[in-house]
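K.L.:
With the hints as your guide, set chain B onto chain A.
There are 2 protein chains.
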Amino acid sequence: METVSTSRAFGGTQGIYRHASTSTGTTMTFAVYVPPHEAGARLPVVWFLSGLTCTHANVTDKGEYRRACAELGLIFVAPDTSPRGEGVPDDPAGAYDFGLGAGFYVDATQQPYAQHYRMWSYVTDELPALVAEHFPADMERQGITGHSMGGHGALTIALRQPRRFRSISAFAPIVAPSRVPWGAKAFTGYLGSDHGAWAHYDAITLIKRGARVGDLLVDQGAADEFLADQLLPELLQEACEAAGVPLTFRLQPGYDHSYNFISTFMADHLAWHAERLR
Amino acid sequence: METVSTSRAFGGTQGIYRHASTSTGTTMTFAVYVPPHEAGARLPVVWFLSGLTCTHANVTDKGEYRRACAELGLIFVAPDTSPRGEGVPDDPAGAYDFGLGAGFYVDATQQPYAQHYRMWSYVTDELPALVAEHFPADMERQGITGHSMGGHGALTIALRQPRRFRSISAFAPIVAPSRVPWGAKAFTGYLGSDHGAWAHYDAITLIKRGARVGDLLVDQGAADEFLADQLLPELLQEACEAAGVPLTFRLQPGYDHSYNFISTFMADHLAWHAERLR
Chain A
1 METVSTSRAF GGTQGIYRHA STSTGTTMTF AVYVPPHEAG ARLPVVWFLS
51 GLTCTHANVT DKGEYRRACA ELGLIFVAPD TSPRGEGVPD DPAGAYDFGL
101 GAGFYVDATQ QPYAQHYRMW SYVTDELPAL VAEHFPADME RQGITGHSMG
151 GHGALTIALR QPRRFRSISA FAPIVAPSRV PWGAKAFTGY LGSDHGAWAH
201 YDAITLIKRG ARVGDLLVDQ GAADEFLADQ LLPELLQEAC EAAGVPLTFR
251 LQPGYDHSYN FISTFMADHL AWHAERLR
Chain B
1 METVSTSRAF GGTQGIYRHA STSTGTTMTF AVYVPPHEAG ARLPVVWFLS
51 GLTCTHANVT DKGEYRRACA ELGLIFVAPD TSPRGEGVPD DPAGAYDFGL
101 GAGFYVDATQ QPYAQHYRMW SYVTDELPAL VAEHFPADME RQGITGHSMG
151 GHGALTIALR QPRRFRSISA FAPIVAPSRV PWGAKAFTGY LGSDHGAWAH
201 YDAITLIKRG ARVGDLLVDQ GAADEFLADQ LLPELLQEAC EAAGVPLTFR
251 LQPGYDHSYN FISTFMADHL AWHAERLR
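Those sequence lines, one after another, are chains A and B. Each residue of the first sequence is one higher than the one before, counting from 1 in the working numbering. Each residue of the second sequence is one higher than the one before, counting from 1 in the working numbering.
Next up, chain A with everything else stripped away, as it sits in the complex:
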């Protein structure tokens, strides 16, 4: 692991790092904020998975998480959203919603994506091991959250690895990728047209098939331009109710899909995680 930069922030350290990933076969960049802490302390970790078009940098620049992480004693990890670099295939038309910046947190099985697009393995296996090795992280205390495509990532990873996460939340998540244009395009491209393969990466399907988590916090902007076509939070509300999963769902009047929405509610989410990670 190579340190790209470190910078003091809110008494802790905001770092940017990169490494040669065996999962993706590329150089991957990620950001970690370590709050002020006593020497030798092991701190809980919150994972933030970003949305379409993002790198690690978007939430690092605009997420406004550092003050709350410093106060609550949380490590904050922000991975990239796809492999990048020479030889990594992109969307054939260069669209924003597939390929670079749009890995959808799956392990692709289809060509030409299967070689590099292995974000599921990267985020669930390789990067956690790296974080455990290089940072003062207590890996028994992990939480996960994310935005939009990253909210989809957070929900599906938590549903499939419930023991790994004590706390789960999401900002304007894609909850049913199989049923919406963004998800259907991505899953077709990465996983093929067999819907059986899609089910492993669809939060609603996972809940309906019996996957469970402790409780969930979801914020959703009521003025989000993607609400009706891509996000469909009502499907999550129905699935959680039917499954008995406690869901705190907050429709936030006037808020859109941007980091102005995310940053406004970031401190609430981090407090939610901190409570469950104590």
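Hints listed in this document are in silico derivations from the structure and should not be mistaken for laboratory results. Heads up, none of these hints are tricks.
If several chains are the same, the list does not tell them apart, and a pair holds so long as it fits within one copy or across any two.
The calculated lysine to any residue pairs, modelled on SDA-like cross-linking and capped at a C-alpha distance of 25 Å, are:
1. K208 to T124
2. K62 to T3
3. K185 to A228
4. K62 to A267
5. K62 to T29
P.N.:
Just chain B, lined up with the frame of chain A:
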């Protein structure tokens, strides 16, 4: 004035606007955050002048001012740092420290810069009138702050217009542009080699010649890479002491020149302004 975008944030509205500036003869873009407020209320205004290479967007994305502004009831205005667009001359070598993104808050007198580089008039006259017209601003309650080149702008504008500002602060300001490489290059290019013209834009010289402000808050990172060559805060400390200007100067161990430094202390600065703008 044209609205580029508005987005709900921390209960208020983050807007981006543009207009045809008569000062610069260009289209100028700026950002205004209006906190939640009662209908008909008039709110105090804090101006944030940005540093080299920045547009309005840097502090808007990375400054983390909205939570504090919402809590304290402050309007926050972030202008651009130079004219831009077709026909606006840049640094002949394309350097970052002159021309585009580096207007230094002066009215240029030298060719080819004199036509468009009129950031002093823009920030002190034209933009305040526009803000007063279009936002719920109480122009009797204005504060000013800024970073680096923008700290220079904040100090010199406040020193020359002390009645306009009830509160003044700066983050890692250039305090003596006449004596440091960044400032000498900019002043030579915009104002010519006559140091008499430089004096109007040099905070230390202004204080020595009798300009006064109420009190000042200045934060400076101790690990700032520009501290020894470009910033020289000790000159401000000496000048304020000699002039009897109350200066709260805080050297912040470990902090660099980046927005990680600015965002860490932004809430402190806004509280300083709010106290004086009540």
